[in-house]
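Asker: Residue numbers (my numbering), protein chains in the order written: chain F, 1 to 280; chain Z, 1 to 298.
Worth double-checking, as some hints may not be accurate.
[What the hints assert, rightly or not] Dumping the calculated PhoX-like pairs for lysine-lysine here, alpha-carbon to alpha-carbon at most 20 Å: (1) F:K113 - F:K178; (2) F:K56 - Z:K231; (3) Z:K39 - F:K178; (4) F:K180 - Z:K39.
I should point out that these hints are in silico values taken from the structure, not numbers from a laboratory.
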Amino acid sequence: MHRGFGLSRPGARQYLATFYAMSKKVVVEYSRYPVAFVAIFVQIFLIILLFIMAAKAFETPGAGTLTYFAGMMAYGFVTNIILSFTLWEVGYSIREEQVRGTLESLYLSPTNKFSNLLSRIFAVLTWTTLISIGGLALVSGVVGGLPVNNVGMALFVLFFTTTGFLGIGFVFAGITIKIKETAQTLVNGLQFFFMIFSAQFFPFAVLPEPIRIYISRWLPVSYAVDLFRTTLLNIPPELAPVSIELVIVVAFGILSPIVGYWYYNWVDHKARAEGTLGEY
Amino acid sequence: MAAETVSRGFGLGRPGWRASLDIVRTVFIARLRIILRYKFAILGETLLPVVFAALPILLGTAIAGNEQAAADNFFASTSAAGQGTTEFRLYMLLGANTFMVVSLMLWLIGYWVRREQETGTLEALYLTPAKRIDVLAGVTSYTLVRALIAFSTAMLLGSLLFGVNPLSGNFGVAMGYFLLGVPALWGISFFFGALVMRMKEANAVIQLLQWVVSFAMGIYFPVTFFGPVLKYVAMSFPPTLMNDAMRSSLLAIESFYGPWYQVLALMLLAAVTVPLLGYEFFLRTERRIKRDQGVGQF
Numbered sequence: 001m002h003r004g005f006g007l008s009r010p011g012a013r014q015y016l017a018t019f020y021a022m023s024k025k026v027v028v029e030y031s032r033y034p035v036a037f038v039a040i041f042v043q044i045f046l047i048i049l050l051f052i053m054a055a056k057a058f059e060t061p062g063a064g065t066l067t068y069f070a071g072m073m074a075y076g077f078v079t080n081i082i083l084s085f086t087l088w089e090v091g092y093s094i095r096e097e098q099v100r101g102t103l104e105s106l107y108l109s110p111t112n113k114f115s116n117l118l119s120r121i122f123a124v125l126t127w128t129t130l131i132s133i134g135g136l137a138l139v140s141g142v143v144g145g146l147p148v149n150n151v152g153m154a155l156f157v158l159f160f161t162t163t164g165f166l167g168i169g170f171v172f173a174g175i176t177i178k179i180k181e182t183a184q185t186l187v188n189g190l191q192f193f194f195m196i197f198s199a200q201f202f203p204f205a206v207l208p209e210p211i212r213i214y215i216s217r218w219l220p221v222s223y224a225v226d227l228f229r230t231t232l233l234n235i236p237p238e239l240a241p242v243s244i245e246l247v248i249v250v251a252f253g254i255l256s257p258i259v260g261y262w263y264y265n266w267v268d269h270k271a272r273a274e275g276t277l278g279e280y
Numbered sequence: 001m002a003a004e005t006v007s008r009g010f011g012l013g014r015p016g017w018r019a020s021l022d023i024v025r026t027v028f029i030a031r032l033r034i035i036l037r038y039k040f041a042i043l044g045e046t047l048l049p050v051v052f053a054a055l056p057i058l059l060g061t062a063i064a065g066n067e068q069a070a071a072d073n074f075f076a077s078t079s080a081a082g083q084g085t086t087e088f089r090l091y092m093l094l095g096a097n098t099f100m101v102v103s104l105m106l107w108l109i110g111y112w113v114r115r116e117q118e119t120g121t122l123e124a125l126y127l128t129p130a131k132r133i134d135v136l137a138g139v140t141s142y143t144l145v146r147a148l149i150a151f152s153t154a155m156l157l158g159s160l161l162f163g164v165n166p167l168s169g170n171f172g173v174a175m176g177y178f179l180l181g182v183p184a185l186w187g188i189s190f191f192f193g194a195l196v197m198r199m200k201e202a203n204a205v206i207q208l209l210q211w212v213v214s215f216a217m218g219i220y221f222p223v224t225f226f227g228p229v230l231k232y233v234a235m236s237f238p239p240t241l242m243n244d245a246m247r248s249s250l251l252a253i254e255s256f257y258g259p260w261y262q263v264l265a266l267m268l269l270a271a272v273t274v275p276l277l278g279y280e281f282f283l284r285t286e287r288r289i290k291r292d293q294g295v296g297q298f
């Protein structure tokens, strides 16, 4: 017996094996629900179309502003969809395990919890990338070509943005254990909070100045969104110079998962001590 | 006695009108009691439509350059679609609020079915002598109360935030249309509940349908923006009719369904036929599922 892990041998191999097995489980689960898979694609296209059509209603004829805004919207949308999936798949899936009654038994097994949490999003993120490419192609088709610049740098920013979002997902998973049913509303609320205050569908200039100064500038997500889309559009970032935004995004990408996982572990220990882990 | 026991599958139960009322009341109170434990969820429903309305308002203002230009451009484009108005804030707020009501109805019925499936209580519910219509009536009454609370608070909050006055138009008539639209929404939610029971993937189906509904009912723009085929498909969707009826009375614009009496007639028709069709569809799906694998599988 080793530190309460039963007969298992915790180590890199076990972590990888857990990650592989759980990722496979997610893929198998998704394959059982093909409608869900198709629904994700269709949903993305519908959201983009909805906003483009709404934007068209406000365009000054002949001004040509729609392409620029479509770029802002479409690239912001990529960050939005990654954040949404992270919140739903990492955070809300914990709630689903609670409801089904499998969370407690899962935690009685010697599997590594970090691998467990990470595996919930890995497979989903892979096809989210494909969906995003499809979505961008659609917008490009509708508005007659989107500007695409500095792809390498944009992917670098997107990588740290994604790891940063994972941290938020871990925090949310911890909160879910505590708040239970309200998690569904909270995940919706968080999505919309970042949608508005991190200006995922429009330039930051649109937000009233007090909101920009007192809320948006304090959110690392805002810098991630800003840097990613302005890099692709090849325009200067709105919130801070490129070098500062880059430092913030990289720091966010490294620190957020560490802090998030620490918080998740803390909540998990507390829930186990109180015996509330399986309660819903 | 034995034959009597198994008669019509009601076991020993004798559901009369009193029992029916009791079932409706019990289900209603049970649902209400559950949601009252999660007050934050109710707050969220109030904020979501405001956020939904804020997005196109901010986006539109940014695209046009300033608020006046946004109002002028919106007037020009909606006039071309036969519904010219400069009140784009109220237009968006009303659309987002109506969408929230529709969405809540679908969510709550669909999720109720799914949650009962997941927790393993749906099959048990089917073994009780309670009539299905009574249970559904309880759940739908609860959804109506929740939707009404969300609608009125979001309308109030949104009006304050966006500086619009919903009482400037014909508010009473708009509310009348709202209430008249509710039975059709119930009917759609029965369709939806059956769909969730059949396909099981409630999350995906709900999320997808939410956007399909928002697209079809024109929450941000008149559905006359669409091409001819899509336009008529969207117009035949009861929530589009409800949304347009409310907008036309509050914003004093023409309904694209025609004069008021035509709108009223269409709404009455939808209020009668859609719930009947929806319930029939629910029962048929249920029968098929019971014949195949049973309602408990998820």
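Asker: With reference to the structure, classify each hint as holding or not holding.
Answerer: Hint check results:
1. A threshold of 20 Å between alpha carbons decides the hint, and for K113 (chain F) with K178 (chain F) the separation of about 17 Å falls inside it, so the pair holds.
2. For the proposed pair K56 (chain F) and K231 (chain Z), the alpha carbon gap of about 17 Å is at most 20 Å, so the pair holds.
3. Proposed proximity of K39 (chain Z) and K178 (chain F) is supported: the alpha carbons are some 15 Å apart, at most 20 Å.
4. Taken as a hint, the K180 (chain F) and K39 (chain Z) pair is honoured in the structure, with Cα atoms around 12 Å apart against an allowance of 20 Å.
Checked against the numbered hints above, the structure violates none of them.
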